[in-house]
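Undergrad: Sequence:
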Amino acid sequence: MNSKKQRLPANNRSSSLPCSLLGGLGAAVAATVLAAILLRLRLLPTGLAGQWQWPWRDQPLPASLPPLVCLGVLVLAALVVLDRVRSGAQPSRRLCVLLLLLMVIAGAMAVTACGLWDPAFALTLPAATISDISMGYYGQALAMTSARRLFASHLQRAADPAVPARVRTHPPGPILCFAALRRLFLSSPGLLAWLDRHLQQMGVATAELYDNIRGLSKTPLAPLDALVALPLAVAVTLPGVLVSVFVFGICAVIADRRVGLLAALLCLAIPSLLVFVPSIDAVAALLAALLLYLWVLALRSGHLAVYTLCGLAGALALLWTYGLAVMVVPMLVMAVLLRRGQLAGGWRRCAQGIVCGILGFAAPYLVLYLWSGYNFPLAMRASLAAHRQVMVAWHRSYWGWLPGNLYDFLLFAGPAVSVLWVWALAVSRRPLQAPAAVGWALAALLAVLLVSGTTRGEVGRIWLFMMPLMTPAVAEQLARLRHSALLAAGATLVVAQVGFALSLAAHLALVKPF
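The numbering of the sequence shown is my numbering, which starts it at 97 and goes up by one.
Bear in mind the hints are in silico, worked out from the structure with no lab data behind them. All figures in this text were calculated on a predicted structure; none of them were measured in a lab. One or more of the hints may lead you astray.
Said to hold, decoys possible - Computed Cβ-Cβ distance ranges for the label pairs, DEER-style:
(1) V129 / P151: 20 to 26 Å
(2) R444 / V193: 33 to 39 Å
(3) A216 / N471: 41 to 47 Å
Don't be surprised by glycine CBs; every beta carbon is placed ideally from N, CA and C.
Model the full assembly from the supplied sequences, consistent with the hints where possible.
TA: What follows is the structure, encoded as structure tokens:
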């Protein structure tokens with residue numbers, strides 16, 4: 097880590113916008129404005145006709161005070177962070193903790209603002225959380241008799257066409273999470289009573305909520321489930337803002353704390369993170385960031401215990417979604433790109449660490465197998481087979497979604513950050529080191545997923561776990577600026593991203609229960 101008084105190298109200091117960065121920033125803003133205009137005019141592609149598209153809607157921009165205040169807090173937090181890092185000095189650890197806390201609170205408020213923006217949120221959020229079509233986990237959690245039985249019956253669920261598609265293609269982790277949260281909120285009668293009173297003041301009765309969710313799940317529901325689903329929707333979505341903490345940690349390990357703060361700030365302005373409420377994909381993004389943070393920490397420290405923790409984190413990630421198995425691609429790319437004097441103990445130590453990581457990964461699944469008979473390789477194979485069946489049944493073409501997925505990914509990551517990510521990789525002076533290596537690792541991962549064709553459509557939501565990996569390379573370039581130049585460039589970028597998120601939320605129905 098760098099000391100508090102350490103300064104940037106003289107050749108990296110700048111108090112004005114370099115021409116190349118000015119051009120990149122101009123292209124980023126222009127792309128954002130153009131995309132927002134085309135979206136407003138209904139000219140922006142939103143999927144493939146006859147296969148799948150983001151549904152259109154016409155919702156006015158937020159006019160009520162609470163959403164505007166919450167979104168304004170995120171912009172204010174951005175200005176505070178930019179002001180603290182624009183001098184060029186490395187911030188102290190204590191200051192970093194305070195700034196990260198501020199950003200996490202502001203990010204949570206912004207996500208909540210987007211969720212409460214819909215005037216009918218009291219009806220739509222419980223419906224989207226409970227619906228077998230949008231998620232499907234709530235009904236399975238309600239029907240769960242025991243955790244042991246849940247794991248033991250996974251193969252049967254994956255093979256049962258009557259089970260919701262998302263449940264068939266995912267591991268049992270989300271069901272267990274929904275069951276635990278449901279029990280938690282049911283054991284808090286004070287919270288449910290407060291919700292009931294507050295909804296009645298808004299003119300929404302519990303009976304109306306219940307009428308709105310009946311029939312959305314094959315599992316019989318009780319009126320109280322309509323109330324429980326509201327805080328549950330928030331509880332599974334908000335942890336995603338913590339991804340900024342681990343992105344900060346990644347940058348602090350391979351670069352410095354100043355770059356880390358800028359990357360963390362950009363993470364919180366990713367449109368996909370802000371506009372999907374409720375969303376379990378935010379938790380997947382958090383787990384992916386945790387996994388990569390532990391990996392780079394292990395590579396740089398050489399401690400076998402950290403490698404083992406990384407393996408445990410990988411096991412936890414694959415209990416949430418099998419899709420996070422692809423994180424092995426950026427992890428291997430990072431190991432290769434950090435080889436030049438940055439790999440603690442060399443390849444021999446790395447090989448020893450990988451063995452410890454594999455053991456750490458295998459240990460929880462061995463325990464689960466002995467306890468419940470849950471066979472991880474067979475379970476993953478069954479879910480992937482179910483996923484292939486779903487893709488065939490939905491008639492989504494490989495060649496159509498090959499460019500379509502890339503477009504959707506860059507669109508929901510935000511045109512501004514997407515443009516600057518490509519630009520940052522192009523102009524990086526050290527393409528095989530530091531934050532640029534994360535950007536190239538993302539490029540490799542994105543290429544693998546695109547070519548594989550495992551996902552076709554909806555990647556603006558599903559591939560959220562990759563979007564934070566754009567930010568380190570962009571933050572490295574921003575960190576070269578100082579004083580008013582950094583403040584202007586950073587604020588412009590955050591406002592562009594948040595503004596585009598509002599445009600997406602206004603014109604696209606992003607989470608639907610039907």
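Undergrad: Next, verify each hint and record whether it holds.
TA: Here is how each hint holds up against the structure:
1. V129 / P151: 20 to 26 Å: holds (24 Å)
2. R444 / V193: 33 to 39 Å: With a Cβ separation near 35 Å, R444 and V193 satisfy 33 to 39 Å, so the hint holds.
3. A216 / N471: 41 to 47 Å: holds (44 Å)
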